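Just need the whole structure built from these sequences, with the hints factored in.
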Amino acid sequence: MWLGFMVPFRVPKTKCLVVRRRGADGRIPVRTLDRGASSSAAAAEPAGYPGGSYDTSLLVKYEHYVARHIWFGEERGPKKELKVVGHGLKLTSRVPLALPPQMESWVSRFDLSSLQKTSLNKIDTNLVSAFVERWHLETSSFHMPFGEMSITLDNVACLLHLPIRGIFWSPQDVTEELAVELVVDYLGVSQGQAQSHVRSCRGSYYKLEWLYDLFVHHRAASSWAYATRAYLLMLVGSIIFADKTFTLVEARYLLLFRDLDGCSGYSWGAAALVTLYRYLGDASMYSCKQLGGYPTLLQCWIHEYFPTVEKRGENWKPADNCGLPRAMRWSYRQGVLKVDDLRPILDELTHADVIWRPFEDHRAWCVFDEICLYRGCLKWGETVVPYLPDRCLRQFGYRQYVPSPPLDCMMATDIDVDWISYHQSVIAVIGSSTVATTPSDAVDGYLEWYYCVSHPRLVPPPS
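Numbering (full-length UniProt numbering), first residue to last: 1 to 463.
Worth double-checking, as some hints may not be accurate.
Mimicking PhoX-like on lysine-lysine, the simulated pairs with C-alpha atoms at most 25 Å apart in a straight line are [as the list claims (entries may be wrong)]: (1) K80 - K207; (2) K80 - K289; (3) K90 - K289; (4) K122 - K83; (5) K90 - K117.
Pair ranges (Cβ atoms, derived) [what the hints assert, rightly or not]: (6) S223 - G192: 11 to 21 Å; (7) V417 - R199: 36 to 46 Å; (8) E448 - G203: 46 to 56 Å; (9) W316 - A352: 20 to 30 Å; (10) A428 - K83: 56 to 66 Å; (11) H64 - T92: 36 to 46 Å; (12) H64 - R258: 38 to 48 Å; (13) T383 - R109: 24 to 34 Å; (14) E348 - I415: 32 to 42 Å; (15) N121 - I167: 26 to 36 Å; (16) A98 - T438: 41 to 51 Å; (17) E448 - R199: 14 to 24 Å; (18) D369 - A220: 39 to 49 Å.
Since the hints were derived computationally from the structure, they do not count as laboratory data.
In this text, all values refer to a predicted model and were calculated from it rather than measured experimentally.
Note that the Cβ used here is the ideal one computed from N, Cα and C, for glycine as well.
Here it is in structure tokens:
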């Protein structure tokens with residue numbers, strides 16, 4: 001069985017590496033019992049997929065992932081890359097160089113000022129798509145040839161300068177009737193105009209372009225509260241809450257900005273991460289052809305950790321930073337590689353190709369917060385995702401061990417309580433590890449286990 005001999009480390013041989021004939025779905029079925037064989041002996045011989053996983057207890061949804069289909073030469077469609085939501089170009093014209101002081105005060109109070117300038121003008125859809133193919137929602141991580149990696153709360157804090165501490169938001173349901181009432185009360189729109197607009201959106205949504213027009217109108221009229229709410233809703237709807245419609249934002253998000261004079265106290269960093277995790281999970285499936293969320297966050301994360309993968313446009317060097325969000329370091333450069341060019345390149349990456357702790361020179365402006373090592377569920381609205389830093393400990397400077405099985409967030413009942421009392425989970429995460437002696441440090445047996453439960457490469461070896 002090919003395990004990739006272009007990497008400098010030797011993948012241990014393991015009993016999991018069993019070659020058996022696969023069925024029509026690509027899966028290797030569990031062999032039926034031979035006469036006189038014991039059930040325990042049959043259970044010890046694992047089922048699996050060509051190229052992994054061989055032990056299917058971890059990636060239980062693997063049958064539906066695009067990664068499985070790619071192994072057999074099956075693409076999502078005529079276009080191999082995803083359609084990616086990106087509002088960067090529009091935001092360059094919609095975000096003013098400076099807000100009126102009355103508005104800037106409110107935007108700062110909500111801790112959202114940094115979002116105004118972090119978006120890339122364009123997204124390298126091939127680069128982003130190549131990484132999405134390696135995402136697995138069970139583990140909330142990218143499965144690389146050398147182990148798992150993920151976008152962490154610390155990454156969000158450094159790249160976007162959003163607060164990661166704070167409360168999770170649990171919104172009320174917003175009907176079309178309530179969506180109308182909200183814009184009448186909080187955006188200064190007439191009843192007739194509100195009804196007409198919501199009707200045109202065919203649901204409880206507002207158009208981003210319409211919100212921008214309201215912002216311009218109310219700013220000219222010095223109606224600062226209305227202008228600020230329209231601006232903030234357009235901003236988060238274009239960035240951290242961008243969905244796959246490309247043009248709309250959910251009406252319920254206006255509820256976040258009803259009280260402009262109260263400090264929001266929200267964990268905007270968790271909100272951005274939950275939304276991106278959700279859309280990464282969707283886009284990792286073979287049937288999905290679009291990616292929502294904030295692709296700038298993903299692409300800048302790739303640039304920070306993988307300096308040799310594709311072109312990177314730099315606005316300044318880290319040493320020249322003067323406290324700006326780290327995402328502003330990067331600018332769009334047209335990539336030359338397509339998705340199928342990038343797949344074998346990512347397959348050949350080793351731990352030595354990774355900058356494991358790229359933000360250490362950014363700590364003067366973004367101090368590491370131990371809550372980033374919280375292991376549990378994150379939520380925003382109705383979306384709940386597992387956040388599992390024990391699967392990517394090398395990104396935090398710790399030796400990687402074989403992690404515990406992922407959390408089942410469907411069974412979680414006290415997520416807010418767990419988040420507030422995060423210390424206990426942090427102790428559990430780092431208590432089983434030690435400080436890494438090398439950036440890619442891992443315990444003996446980690447790679448052996450990983451190659452059993454993962455599908456670390458997407459391209460099969462030449463026959």
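Against the structure, the hints come out as follows:
1. In summary, the hint linking K80 to K207 is not supported, as the alpha carbons are separated by about 29 Å, beyond the 25 Å threshold.
2. Taking the CA atoms of K80 and K289, the gap is about 9 Å. The hint holds against a cut of 25 Å.
3. Between the alpha carbons of K90 and K289 the distance comes to roughly 23 Å, so the proposed pair stays at or under 25 Å and holds.
4. Pair hint K122 plus K83 holds up; C-alpha atoms about 12 Å apart against a cutoff of 25 Å.
5. Restraint check for K90 and K117: the C-alpha separation of about 12 Å stays at or below 25 Å, so the hint holds.
6. Distance hint check for S223 and G192: the Cβ-Cβ separation is about 19 Å, which falls inside the suggested range of 11 to 21 Å.
7. A beta carbon spacing of about 41 Å between V417 and R199 agrees with the range 36 to 46 Å that was offered as a hint.
8. Between E448 and G203 the CB atoms are about 50 Å apart, so this pair conforms to the stated range of 46 to 56 Å.
9. Between W316 and A352 the Cβ separation comes to about 26 Å, which falls inside the hinted range of 20 to 30 Å.
10. The hint said 56 to 66 Å for the Cβ distance between A428 and K83, and at roughly 40 Å that hint is violated.
11. Between H64 and T92 the CB atoms are about 38 Å apart, so this pair conforms to the stated range of 36 to 46 Å.
12. At roughly 40 Å, the beta-carbon separation of H64 and R258 lies within the given 38 to 48 Å, and the hint holds.
13. Range check, T383 to R109: about 25 Å between beta-carbon atoms, so the 24 to 34 Å window is met.
14. At about 39 Å, the CB distance of E348 to I415 agrees with the hint of 32 to 42 Å.
15. The given range of 26 to 36 Å is respected by N121 and I167, whose C-beta atoms sit roughly 33 Å from each other.
16. Distance hint check for A98 and T438: the Cβ-Cβ separation is about 46 Å, which falls inside the suggested range of 41 to 51 Å.
17. A C-beta distance of roughly 59 Å is found between E448 and R199, which places it outside the suggested range of 14 to 24 Å.
18. Between D369 and A220 the beta carbon distance is about 41 Å. The supplied range of 39 to 49 Å therefore holds.
Hints 1, 10, 17 from the list above are not met by this structure, while the remaining hints are.
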